[in-house]
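Heads up: the sequence lines are chains F and W, in that order. Numbering follows the numbering used here, with no gaps: position 77 of the first sequence is 77. Numbering follows the numbering used here, with no gaps: position 221 of the second sequence is 221.
Wrong hints could be hidden among the right ones.
Pairs count within a copy or across copies, as identical chains cannot be separated in the list.
No more than 27 Å apart at the CA atoms, straight line, and that leaves these computed lysine-lysine pairs for BS3-like [to be verified]:
| id | residue 1 | residue 2 |
| --- | --- | --- |
| 1 | Lys95 | Lys12 |
| 2 | Lys27 | Lys145 |
| 3 | Lys172 | Lys13 |
| 4 | Lys202 | Lys172 |
| 5 | Lys34 | Lys128 |
To be clear, the hints were calculated from the coordinates, so they are not data collected in a lab.
There are 2 protein chains.
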Amino acid sequence: MKLEELRKKAMKKTKEKITKELGRRDKLIVHVVKSIETIDKTSNLLFEQLRDWYSVHFPELWRAIRDVDEYLSIVSELKTRDNFTVEKLKPLTKKAEEVMRKAEASTGTALATRDAEHVSSFASRIRKLREERKELGNYLEELMKTEAPNINAVIGPVIGGKLITATGSLRKLAEMPSSTIQVLGAEKALFAHLKKGVASPKHGIIFQHPWLHSAPKKKRGSIARKIAAKLAIAAKVDYFKGEFIGDKLRRELEEDIRKVLQKQVK
Amino acid sequence: MKLEELRKKAMKKTKEKITKELGRRDKLIVHVVKSIETIDKTSNLLFEQLRDWYSVHFPELWRAIRDVDEYLSIVSELKTRDNFTVEKLKPLTKKAEEVMRKAEASTGTALATRDAEHVSSFASRIRKLREERKELGNYLEELMKTEAPNINAVIGPVIGGKLITATGSLRKLAEMPSSTIQVLGAEKALFAHLKKGVASPKHGIIFQHPWLHSAPKKKRGSIARKIAAKLAIAAKVDYFKGEFIGDKLRRELEEDIRKVLQKQVK
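If we strip away everything but chain F, and leave its shape as in the complex, we get (with noise of 0.2 Å):
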């Protein structure tokens, strides 16, 4: 019975260290981010193939209307080209007269009712399904304010929330070199590095933020290092919950910036 009870007590021991573990919402960061490139994905799939269906019916709307926000919901609420007036389409685009003007002109084939209402279902669970990625968006946000505030502060939701992921946890994050994060994200270009002797790649994740992709090709090399080093900081700090310096970390790295892209290249 002694044995059996300590038994017990092990496994439980044994389960809340797996579960505390485990309980570092880190993890959440790496599916939360995972989600999201997969509804981009996923979404832009369902949207052409949508765009194609509704074109039998009005081939002119994507001419107008090149933003997929505005294309579903026109074609969630209106439905039909004879539902269509100015002043229904003036609340869903600011093109409702270009709209309008194609619509009585267009060569597409009439819907009856009953063929309208399923593309025009489609295009809401597109919608639906944009609105979610939006949520998650948020959600990234604030899992990010909360588990690594320090990278958050640095190089903002989107572009930590990817370096976490790229690595799959933060304590695999914080325990890299700076110059790994650097070139995280950019394995394919480090491979052909050291298997074929082209130049090694300057950055990975990070090249997304504008400081890089905006920066003249010349400096983006030091950049990169500045902004790795500031980031291998944070995540420590995050990872061991140390106090916030992130918006320090953030001043010194501008300035670290700043003084790269004023200095003369040689």
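Given the structure of chain F, go ahead and fit chain W onto it with the hints provided.
Below, chain W without anything else, positioned relative to chain F:
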């Protein structure tokens, strides 16, 4: 002024002609079939992502519940393990007791309500997308019954719809010889046959019918030929809006197949 009127009339006539040709609802069949395929593909991707995410909290659930709809209903309705009771699980799955046992012994991390809300809302979106797929399946059936009743009677709405989709329109399918219909969808194997001289494909999309995939290998060529022959007739009757002879074609086909299956293979 008179010339202007004439021009307008001519324009109107041309537009009507285009509209009429496009107006055949078989074009819709093509889009519905493609939309169903896109939803199948994307909802699988989304579900895999959702399952990975929810496995942080309850990794053992997928081992108990292998049914996607049951899994989604549990996640979206009950959210976290501590909400689970056998009573609440019973309307959602036949394996209520097993899920409850696994929930009590789970090694997954606890999930705060605010975190659970997001994964459960993601699950509901995927559910809705799968509902849309079912609705489109019914719509396809309705379209096939009105637009291609003979093809529908011979081979059913799913395979029939795929055949029309593979060719792009009912007209094109109606123009095809039965030997082409037989290998529609097996283009890759057909090219390999023509280029490399490997055996010619004996069936394409129609292979998805149990008549073929449950038949002995040696009989499949003859059965496919019989099916394609009836489909070629059905497509022509459907395109030219002839009288419904689908039931007769189906009966003859079943008889043909019975004979092929009875014949001794030499």
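Evaluated hints:
no., hint, in the structure
1, Lys95 / Lys12, "between (63 Å within a copy, 26 Å between copies)"
2, Lys27 / Lys145, "within (14 Å within a copy, 50 Å between copies)"
3, Lys172 / Lys13, "within (24 Å within a copy, 69 Å between copies)"
4, Lys202 / Lys172, "within (21 Å within a copy, 54 Å between copies)"
5, Lys34 / Lys128, "both (18 Å within a copy, 20 Å between copies)"
Every hint, counting from the list given before, is met by this structure.
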